[in-house]
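Student: For reference, the chains in residue letters:
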Amino acid sequence: MARGLGYYIAVRALMIIPTILVLYTIVFILLRMLPGDPILAVAGTKNIPPEQYEELRRLAGLDKHPVVQYFDYLWGMLHGDFGVTLATPRGTPVSRYIWQRFPATLELTIFSFAISVLLGLATGTVAALRRGGMVDAGMRVYSIVAYTLFIPWFGMILQYIFGLQLAWLPTSGRLDPGLTVDRVTGLYVLDSLITRNWDVLKSALAHLVLPSITLGIVLSGAYTRLVRNNMVDVLGQDFIRAYQARGVRGWKVAWYALKNAFIPVVTLMGLQFAILLGGAVLTETTFSWPGMGTFIVDRIEYRDYTSIQGAVVFFALFVGLISLIVDIVYALLDPRVKY
Amino acid sequence: MSATQKTLPIIAVLLIIIVGAAAFYVGRSMAPAKVETTTETTTVTTTVTTTVTKTGPAPTETTTTTTTTTTTPAPQFTTEQIVIGVTDKVTDLDPAMAYDFFTWEILNNVMEGLVKYEPGTLNIVPALAKSWEVSEDGTVWTFHLRTDLKFADGTPCTAQDVVRSINRVMQINGDPAWLVTSFVDHVEAPDDYTVVFYLKQPTAFFLALLATPPYFPVHPAYNPTEVDSDQTAGGVGPYKIVSFTRDEEIVLEANPYYYGEMPRTKRIIVKFYRDATSLRIALETGEIDIAWRTLRPTDIEYFKGKAGFNVIEVPGTFIRYICFNTAMDPVSNKLVRQALAAAINRQEIIDVVLLGAGEPLYSMVPKGLWSHIDAFKDKYGDANLDLARQLLQQAGYSETNKLQITLWYTPTHYGDTEADIAQLLKEQWEATGMIEVTIQSAEWSTYVAQLREGQYMVYLLGWYPDYLDPDDYLTPFLHSEANSWSGTNYANPQVDQLLTQAQSITDQAQRAQIYEQVQQILAEDVPYIPIFQGKLYIVARSDVAGIVPSPTMLFFYSTLYKTG
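Quick mapping for you: the protein sequence lines, in order, are chains A and B. Numbering follows this note's numbering, in which position 30 of the first sequence is assigned residue number 30; successive positions increment by one, without gaps. Numbering follows this note's numbering, in which position 274 of the second sequence is assigned residue number 274; successive positions increment by one, without gaps.
Chain B on its own, in the form it takes in the complex (with noise of 0.2 Å):
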């Protein structure tokens, strides 16, 4: 067995060498491809032209090429490419199908909608639209589009090709079709600049739900009737898609049709990880620029502390809390799910499991969106040990008859930090001497499965918002008619009317007191707890600026560039 310790470092060295002497030959001429990317250059531009001339004839398109042509060189633009790594995926590029946060990225760089949120800020501002109308009973909304809007081949964007759009996700009926049929009767346009929604009744929070991709025009090249999941014509957006290889990368080039400001950076190319340790690599070894969604909190750490990296934090509108499944023992008692919000201390988890990336969040409806109260913070403080003792007391549970539940989690779909969240979770609520925590956990597709069934007693979920509005942190979860995903059971019939009432009233004052009231009956019920909001960070190397957080956790890449 001597013989084993000797030879271990040879074995070493023999791998080095091996490694070594295969990189030497192919390693060494692996300069990033700057020379590929100066020669792409001008081909891009001639294929411009050339889409230039063969639009040519048509009268109204003279004017275009005259436009085109002051758009189009080069020199406007600061950075030629800049390269982004994630470890997210693009589903499926179809508006009408596509229901996921880092799509719907993709596709508000590639398109807009009628309104959109300024970036850096939660605030409606026109987009394709210029101006617009509400009916006096609220369902009639009538929006007038500019008269410059072109897809980015130059084909002419009008008001029918919004209401073919709209109709066609209504007609394919892809999962974020409710988006639009819950709340649209039907859409028309009477002339070529003029879109008129007909609502199912009056919804306050409209402009929120049109700045959503599945309102987006898209090209007239989508398949009118099915999905079209690979389809790269894209819409009206700042950026264009060039070329899209699945799994691989998604390479965007600035759309020279579009009417509004010209983005920085020519050329944008997202490439996609499998894991957060893939991605912190390609960002050390310069592989790629920015590091986007999503390295690890100890990654970021890391990274805060190293020259010639800089770290943006990104405030969230995600959200992270523990779901009660209200008609199972013994959590079906009110007592006992008071007591369990009133141990828990979410600033420790913040601070050991987060290393800092969260804020404490004590309603469903998060911080810096209106209407926002701290609910459980007023009725239960935190980490209120004393109050849960006597909440459990009054429940029946004493240290020798200690209350018995099973916390659930899943382990990679948060991050692999949720391990140790639902640890820290069961050593906060056993702390006050009177519970007893078994933790288990399920895989992501078994745990949607077995909680919508109604399978789990305590369990840790997560959400990204569909539009920004305070309905939808609570329709969803306290309405009985809408929370059917949740397997919470949760139905409290003043809710649903209070949520109800509040959809149609156009007063934001008079909805915001309603919500209030809501979110106050959730402290009451706890149907759900709040744990945190999350915080992204955008990681990107020194050379890299123009990065604007946005609130709505949306990166928009028309405003990067490099300097030097």
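Isolated chain A (complex conformation) (with noise of 0.2 Å):
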């Protein structure tokens, strides 16, 4: 306690920086190592004279030295500027993608981290109450199996069961062709909600369901194992004995106990949100989600540096004040913790 809670905020909140200085320096070196660059990928087989070529090039800014084109980047991106793009259409601000897909995939992000927690708990807290038996094993598995399944061939199974067999739900994009929503947030289910379409809420949520639930089992093997093992370790402690021989009963207990188990659950949290966003270009490829996971692959086709740099450390930027939002949560729960 002895610099208060503000110093440590601000301390977190400056350790952001290397951490995106590092990863944009990575991904700048790793995309000049690839062979290609944005205007052959576009140009293909066809016949562009070299001198256009070459001017293509010098518009795009990549007839500078790499250095000079990593610090001028760098440059932009402390003013905010994301660069523009380099493969087609060409020009148009970086910021404008992330501003158009980043909506997509917070919101697949919200409901799949949602489902996560919420079957991490369950499995987690059934597999402790039930410990050594047969639901155990089985919850032990599920954690196992969930944590190792291939996202996109898991994605369509469910698309293949859900989508084709049963055809109860759609199983790809946002919405249904020619439903268009007033932009607020970007959220379809949040705007659908505030401009009171109710059309559009039904297509969104429809369109949810399968990719939030294929991510969502995907991330929730690790809280259940996480859960379950911290509620045996609670469950065994004196103060749940204490309740125990007071009375206490089933449920109860259990609720106790998972208010104390759950902390250490909180800081995993934290550290799922980026795996998280790493899953979503797994389950949005396959579900063909606009977001910004479909958006960094196409452009690594493409070879557009700017885009894929912007894209990248926006992402980070973001997980980053995630896991410092995750991390003052935890300082204030856990009173144990020293600032």
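Calculated from the structure, these hints are not laboratory results. Yeah, the Cβ is synthetic: ideal placement off N, Cα and C, and Gly gets one too. Some hints here could point you the wrong way.
[Unchecked claim] Not the full set, but computed from the structure, chain A residues with beta-carbon under 8 Å of chain B:
| id | residue |
| --- | --- |
| 1 | 49 |
| 2 | 164 |
| 3 | 237 |
| 4 | 241 |
| 5 | 294 |
[Stated by the list, open to error] Here are the computed lysine to any residue pairs in the SDA-like style, where the Cα-Cα straight-line distance is at most 20 Å:
| id | chain 1 | residue 1 | chain 2 | residue 2 |
| --- | --- | --- | --- | --- |
| 6 | A | 46 | B | 304 |
| 7 | B | 304 | A | 36 |
| 8 | A | 46 | B | 318 |
| 9 | B | 89 | A | 81 |
| 10 | A | 46 | B | 309 |
| 11 | B | 562 | A | 202 |
| 12 | B | 200 | A | 202 |
| 13 | B | 562 | B | 309 |
| 14 | A | 46 | B | 455 |
| 15 | B | 89 | B | 208 |
| 16 | B | 367 | B | 378 |
| 17 | B | 306 | A | 166 |
| 18 | B | 304 | B | 293 |
| 19 | A | 64 | A | 46 |
| 20 | B | 89 | A | 300 |
| 21 | B | 89 | B | 296 |
| 22 | B | 89 | A | 258 |
| 23 | B | 367 | B | 354 |
| 24 | B | 200 | B | 455 |
| 25 | A | 202 | A | 226 |
Take each chain as given, in its own frame, and dock them per the hints.
Tutor: Structure, rendered in structure tokens:
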């Protein structure tokens, strides 16, 4: 408690900067190491005259020395400028794409996150309460299977069952063809609620079910293990025995135990959030979800350096902020944490 | 571990229950948005009327009001809406920059040039121009425009718009600009309805060039000096763009001011999918009415046998071929290249890998285009192992001293059948007993960059035409001043001279003669081996009618409608 919460937050926030710098540098170098460039990737086998090719490279700033490119872009980012796209459509501000694509990823992330936490808590608690039995073993298997599931494969199975065979749910995109909603936040569920557009709300929720369940289940595995182990620990502690001795029984005990087992789970949430965004890349690709993940994948194909750099840095910034918030929440939850 | 086996079914059931429950709450009510459509219709008609009243005051537009009110009433359309799914992308809506086949298709539906291809044929017919003349020497082309041309918002389109748009393409100098700048010196509009092109040299295939998007007049709303990638104002075409959400969908609606026949379907939505699997599922679930480019050969087979779907074949001008870096040993030896050309079995590739979705090709000029000859078939036959062995022996190879080559392919750009094509080619070549093939692959951006630099020995590529003329299948490949992109290092002064000569001759029979000669030299020199001509398929739900497959491989949406 020596320096107070404000100082703690400031230090944690400052630590985001080197993280992002390192990440930007790695991405920058990796991209330049790949053969090919954005102009050729678009031209493909088409016959672009050499003079025009040079001109296009010059316009894209690719004729400059990589070191100059590195610092130019860094300087731009410091001013909140993520540059313009280098491949088709050329010259569009990258920030416009982030603005358009990020809410899609955020929406998917929020739903998957909620599903993974709820599933993890439920399965972990049940396993801890039935420790050593069949259910416990089952949940342990669930956690391993869920954790190792390959998203595209699992997603496709769900698409096949619920999209094709039962025809209950749509399998790709965010809305039915032709539906639109006025943008307020870019999160379709929220926007449709705000504008009271119930058709869009229904369609948006329906489109969210399969992708967020796919990602949610895959991420819930880690929670199952953690919650179970913590619960087992907590259930063995004296204060639980004291409850039981006073006649408190069953789910009530579980509830008290869960509250205490929850703290390490919060830490995991911060970490999982980063993984969640990574998983979003695979989930988005499987479900044609027009988010940041698919954007980055497309842009890598085009060698669109600035778009990838911009998107990755923005991603990192966002994850950094989330983990900062989680740490603060953690500090507030657990009085033993020293700032 | 026995617990594992017992619990797996439990988990499976659990998963299904969870997803099922969620689906039950939200999914059930997921009926296709029919109600939505009808409400939309009324709003759209009102917007049209408002535009008419807005433009009302000017005397010229008063006539517009009467014509549009006769064309706008909804009952005219046979069908309200058709949804088409594709795995392609719209890259850039600006014809000054767009340079990929699918974006050109969208542009062809929302814009037109002075001339166009008649849907279903390779015939060039009048479009915005009703007639034209060519000067004696073939360098001055004069076009007479229709007088009733209007953009999708009612703004008249005149000769000045044509000139402005073409100058804009030349000034922006984007990817496809060479289609204009290599041929056109300048363009003028002596009056509102006359456009005169002054060409750099006589160009026999100028009409085919004119039918490409860089020559399409665009609405004045396009940024005059810069690329306008998301501009939806369009040009003079049967459809207009209502909305474009990148990588999600593009919504088109009949252009009420279109001079020609009204489209039969009022609204066309094109949805973009990431892969063939999601496209196939979308068609099966009824999310889309038509699956267009590109399903897998196995999916096509599946839909052919399924009730409720029609599979329509689109004959292709798309060609696939093998390239040789003629400067790299051992394929720098012509005998080696000839031997490889003799050994391949085209029909087997088509039957085994493509499940019939192609036609054997024996020249770079595709079948169906004038001047095509089966040059390779006449010279080498098909799967001619004896000839191949004989040629290899001449080149100094034998069963003990095998020819070593490396074959490159790119795994996704031409669909996921590519690895199988490479594998089959390897088997066919190795069947001679005198060749050993190593297969390698590289992802598209790497592939293009490295092959241009001449790093590959033998490699697979494909070609979609820019304009439909034999010139576009020969000059970019064989003319030493135009084929630097190909990494083949092929140069033959005689071919250069013939190709340049053919460009400026206006008599088609005379040109055909030259192109036949060039194709024979191609079969002799073998810098490329043509393999097959691609076919595409449109798979539609059985209530969709009016699909006109075009040999241009462009899909025109205006004839589509639904039955019942």
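Student: Give a verdict on every hint.
Tutor: Quick rundown of the hints versus the structure:
Of the supplied interface hints, the one on residue 49 of chain A holds, with its beta-carbon coming within about 6 Å of a beta-carbon of chain B, less than 8 Å. With its C-beta approaching chain B no nearer than about 6 Å, residue 164 of chain A sits inside the 8 Å limit, and its interface hint holds. With 8 Å as the threshold, the beta carbon of residue 237 of chain A stays out of range of chain B, its nearest partner Cβ sitting at about 28 Å, so the hint is violated. Evaluation of the residue 241 of chain A hint against chain B yields a violated restraint, the C-beta minimum of about 29 Å exceeding 8 Å.
A distance limit of 8 Å between C-beta atoms decides the matter here; for residue 294 of chain A the minimum to chain B is near 7 Å, and the interface restraint holds. For the hint linking residue 46 of chain A to residue 304 of chain B, the alpha-carbon distance of about 34 Å lies beyond 20 Å, and the restraint is violated. With a CA separation close to 40 Å, the supplied pair residue 304 of chain B and residue 36 of chain A exceeds the 20 Å bound. A hinted pair counts as satisfied when its Cα atoms are at most 20 Å apart, and residue 46 of chain A with residue 318 of chain B qualifies at roughly 14 Å.
Distance restraint check for residue 89 of chain B and residue 81 of chain A: the Cα-Cα separation of roughly 26 Å exceeds the 20 Å cut-off, and the hinted pair is therefore not satisfied. Between the alpha carbons of residue 46 of chain A and residue 309 of chain B the distance comes to roughly 36 Å, so the proposed pair goes past 20 Å and is violated. Between residue 562 of chain B and residue 202 of chain A the alpha-carbon distance is near 27 Å, which puts this suggested pair outside the 20 Å criterion. A C-alpha spacing of about 59 Å is found between residue 200 of chain B and residue 202 of chain A, which places the hinted pair above 20 Å, so the restraint is violated.
With a CA separation close to 13 Å, the supplied pair residue 562 of chain B and residue 309 of chain B stays within the 20 Å bound. For the given pair, residue 46 of chain A sits about 18 Å from residue 455 of chain B by alpha-carbon distance, which is consistent with the 20 Å threshold. As the CA atoms of residue 89 of chain B and residue 208 of chain B are separated by approximately 25 Å, the hinted pair breaks the 20 Å bound. For the hint linking residue 367 of chain B to residue 378 of chain B, the alpha-carbon distance of about 15 Å falls within 20 Å, and the restraint holds.
As the CA atoms of residue 306 of chain B and residue 166 of chain A are separated by approximately 18 Å, the hinted pair is consistent with the 20 Å bound. Taken as a hint, the residue 304 of chain B and residue 293 of chain B pair is honoured in the structure, with Cα atoms around 16 Å apart against an allowance of 20 Å. Only pairs whose Cα atoms come within 20 Å are accepted, and residue 64 of chain A paired with residue 46 of chain A is rejected, the gap being roughly 25 Å. This hinted pair checks out: residue 89 of chain B and residue 300 of chain A have alpha carbons roughly 15 Å apart, not beyond 20 Å.
Of the supplied pair hints, the one linking residue 89 of chain B and residue 296 of chain B holds, its CA atoms being roughly 17 Å apart against a limit of 20 Å. As the CA atoms of residue 89 of chain B and residue 258 of chain A are separated by approximately 49 Å, the hinted pair breaks the 20 Å bound. Between residue 367 of chain B and residue 354 of chain B, the direct Cα distance comes to roughly 18 Å. Compliance with the 20 Å bound is thereby established for this hinted pair. Restraint check for residue 200 of chain B and residue 455 of chain B: the C-alpha separation of about 35 Å exceeds 20 Å, so the hint is violated.
Simply put, residue 202 of chain A and residue 226 of chain A have alpha-carbon atoms about 34 Å apart, too far for the 20 Å limit, and the pair is violated.
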